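Engineer: Spelled out from the first residue to the last, the chains are:
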Amino acid sequence: MGSVFGFLEVVINSSTSILFGALGILIMQLAGVMNIGAEGMMLIGAFSGVVGSSITGNVWMGALFALVITGVTGLVYGFCTITMKANQVVVGIALNIFGEGITTTLYRMIFGMDSDSTKVDSFHTVGPFNIPVYIGILMVILLTVFLYKTKCGLQIRGAGEYPKAIDSVGMNVNRIRYLSVVAGSMIIGLGGAYLSLGDLSFFTENMVSGRGYIALAAVIFGRYTAVGTWLAVLVFGAGEAMVYRFQAASIGVPTQMILMIPYLLTVIAVAAFGHKGNGPAALGIPWSKEEKQ
Amino acid sequence: MNMKKIIKPVLSILLALLVGAIVIAVVGENPLDIYRSMLVGAFGSKSAVAGTLVKTTTMIFVGLSYGFAYKCGLVNIGIEGQLYMGGLLSALAAIYVELPAPIHIPLCLIAGFAGGAIWGAIAGWLKNRFNASEMITTVMMNYIATYFVAFMVNGPIKEKDGTYPQSERILDSARFPTLVPGTQLTIGILIAIIAVVLYIIYWKKTAGGFEMSVVGSSERVAAYAGIPVKRMIITSMLISGGLGGLAGAAEVLGVQFKIMDGLSSGYGFDGIAVSLLGNNSGIGIMLSSLLFGALRYGGNAIQMFTSLPIAVIYILQALVILFVVVDVFRMERRK
Chain A
404 MGSVFGFLEV
414 VINSSTSILF
424 GALGILIMQL
434 AGVMNIGAEG
444 MMLIGAFSGV
454 VGSSITGNVW
464 MGALFALVIT
474 GVTGLVYGFC
484 TITMKANQVV
494 VGIALNIFGE
504 GITTTLYRMI
514 FGMDSDSTKV
524 DSFHTVGPFN
534 IPVYIGILMV
544 ILLTVFLYKT
554 KCGLQIRGAG
564 EYPKAIDSVG
574 MNVNRIRYLS
584 VVAGSMIIGL
594 GGAYLSLGDL
604 SFFTENMVSG
614 RGYIALAAVI
624 FGRYTAVGTW
634 LAVLVFGAGE
644 AMVYRFQAAS
654 IGVPTQMILM
664 IPYLLTVIAV
674 AAFGHKGNGP
684 AALGIPWSKE
694 EKQ
Chain B
939 MNMKKIIKPV
949 LSILLALLVG
959 AIVIAVVGEN
969 PLDIYRSMLV
979 GAFGSKSAVA
989 GTLVKTTTMI
999 FVGLSYGFAY
1009 KCGLVNIGIE
1019 GQLYMGGLLS
1029 ALAAIYVELP
1039 APIHIPLCLI
1049 AGFAGGAIWG
1059 AIAGWLKNRF
1069 NASEMITTVM
1079 MNYIATYFVA
1089 FMVNGPIKEK
1099 DGTYPQSERI
1109 LDSARFPTLV
1119 PGTQLTIGIL
1129 IAIIAVVLYI
1139 IYWKKTAGGF
1149 EMSVVGSSER
1159 VAAYAGIPVK
1169 RMIITSMLIS
1179 GGLGGLAGAA
1189 EVLGVQFKIM
1199 DGLSSGYGFD
1209 GIAVSLLGNN
1219 SGIGIMLSSL
1229 LFGALRYGGN
1239 AIQMFTSLPI
1249 AVIYILQALV
1259 ILFVVVDVFR
1269 MERRK
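Sequence lines, in order, name chains A and B. First residue of the first sequence: 404, per the working numbering; consecutive thereafter. First residue of the second sequence: 939, per the working numbering; consecutive thereafter.
Keep in mind that the hints were calculated from the coordinates and are not lab data. Source: prediction; values computed, not measured. We put the CB at the ideal spot given by N, CA and C, even for glycine. Take these hints with a grain of salt, some might be off.
To be verified - Below, computed lysine-lysine pairings styled on DSS-like, alpha-carbon distance capped at 30 angstroms:
#1 567(A) <-> 488(A)
#2 692(A) <-> 1168(B)
#3 554(A) <-> 567(A)
#4 1096(B) <-> 488(A)
#5 1196(B) <-> 943(B)
#6 1143(B) <-> 692(A)
#7 946(B) <-> 1142(B)
#8 1143(B) <-> 942(B)
#9 946(B) <-> 488(A)
#10 552(A) <-> 692(A)
#11 942(B) <-> 1096(B)
#12 1168(B) <-> 1143(B)
#13 488(A) <-> 943(B)
#14 692(A) <-> 567(A)
#15 942(B) <-> 984(B)
#16 1196(B) <-> 984(B)
#17 567(A) <-> 552(A)
#18 692(A) <-> 1096(B)
Said to hold, decoys possible - Just a sample of chain A residues kept apart from chain B, beta carbon distances all over 10 angstroms, derived:
#19 483
#20 487
#21 511
#22 537
#23 544
#24 577
#25 610
#26 616
#27 669
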């Protein structure tokens, strides 16, 4: 029994960063803005979290700093995709490349090659988990209520599903999308910050290693609902927990084969549940009043 | 019209360099010094030019790879993985098959193409069969491929006498002959140029290329016109993957002469920028490959002679992509 619980503990711990990432992506995509760039946003969140907390000496200030920086990143993302109506996939890819470049460069410039210098405090633990884990689970519940039981949530989903209707009642589609993108980006950034502050308490180059894409897969796999996304994230968390288990057990399977598991699992999940039709109808289509939609 | 085609990428590059300069200044280096050492590093001597052209070779293959899928409406973010699988298969052919050079080199190239093509086609098949977004599957398959290659060079094909996780050196008969004696420049660049020519012919002159571009602009229209959409998708991913595989083969046969863990340092992602900046056209891809080749090779000089890491060029690359796609000057906007 103890080992089952221990396994679950690892599952939940290692999936929390992906959970934040996925919930942020969920909000953005429900509002109609596609986000391939979560990988870069998480990386920026992870880095700025470490910077903020090593400057202030407080891990929460670090998380706050990450929120601000990724909020600004989201604003730029919104400007490119909503105002300038640029191809959302390509802007996302550019963001991922930018995230890798800027964090690696700044990391070397600020901290040098010595990885010990970025060692920062971790979050407090309550019971088996640290506080952000509970915040993540709370967020799943709050988001479900917010998106499906409030007027505001309805407007967000409307902007992604049928923007014309939102516009015809005199509301500003692009303003709703901007707010969703910035809020979503901040939550994604929190996922990155959790990775560097909660999971590991240091930054390493390119540490997100595909989690942004896995989070996106989880949103699709979870059928665009908060609870579904959470369950999907737990499946991927189980993949990562299996990696640790197999590595610890040293059962003779080569390490590299074990490390493939989460990625293989994602491919299988997307293939098994990746049917379109659950996604918002206007996902990826920029809105403009004058043009026929 | 034609002027715009040239002005837009040039302005995008200039803007990217400008914003990049601000970033460099913020981290406390002199942007002019950095750009100068990059320029000298890329073109300052005969061997520098050769080095730049070697990187250009890789850039052409990855650029063509992204462009080929993009023209069919597909987003192949998995070039990195296709490069690794192509590199692996061509290395196997180059190490373990003994043949005279005129046959051995083509065989290794075919093996490289096949390695990438299989990897790309799997994503195409998953899309056709299960409606799985290729954007996610190809990224995941990058990780799977790099881990698989890491597994191979740590175990099954690890060199006999040596401690590094790398394969044996490839046989001499599989090595690309040198083009300019005393430099790194090999016939790889010629093979890349042949690939560009074939790319242009395919998209401009063949029925298959036309049908595929119809699929790229609208799957629905293509289906109405009786074009086999699914077959086009899988063919496109196959060839796109194959071109990515050739990038790996060129790296193994012309640069590293073995395969190891870090065969590519993110070249697969460079393909996206190369292709977008070149507007997915053959000539455009060739020109932007030269730019990114110079950036890559000149980037080494930055790493060596200044305190900045080579990752700076990722920032420049991302900015170039952004300025191209965001259309800052509203050149493509309707009146």
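Engineer: Each hint needs a verdict: does it hold in this structure or not?
Structural biologist: Comparing the hints with the structure gives:
no. : hint                : result
1   : 567(A) <-> 488(A)   : 17 angstroms, holds
2   : 692(A) <-> 1168(B)  : 35 angstroms, violated
3   : 554(A) <-> 567(A)   : 17 angstroms, holds
4   : 1096(B) <-> 488(A)  : 50 angstroms, violated
5   : 1196(B) <-> 943(B)  : 40 angstroms, violated
6   : 1143(B) <-> 692(A)  : 40 angstroms, violated
7   : 946(B) <-> 1142(B)  : 23 angstroms, holds
8   : 1143(B) <-> 942(B)  : 24 angstroms, holds
9   : 946(B) <-> 488(A)   : 17 angstroms, holds
10  : 552(A) <-> 692(A)   : 28 angstroms, holds
11  : 942(B) <-> 1096(B)  : 52 angstroms, violated
12  : 1168(B) <-> 1143(B) : 22 angstroms, holds
13  : 488(A) <-> 943(B)   : 20 angstroms, holds
14  : 692(A) <-> 567(A)   : 8 angstroms, holds
15  : 942(B) <-> 984(B)   : 34 angstroms, violated
16  : 1196(B) <-> 984(B)  : 25 angstroms, holds
17  : 567(A) <-> 552(A)   : 21 angstroms, holds
18  : 692(A) <-> 1096(B)  : 61 angstroms, violated
19  : 483                 : 5 angstroms, violated
20  : 487                 : 5 angstroms, violated
21  : 511                 : 5 angstroms, violated
22  : 537                 : 29 angstroms, holds
23  : 544                 : 27 angstroms, holds
24  : 577                 : 16 angstroms, holds
25  : 610                 : 14 angstroms, holds
26  : 616                 : 5 angstroms, violated
27  : 669                 : 5 angstroms, violated
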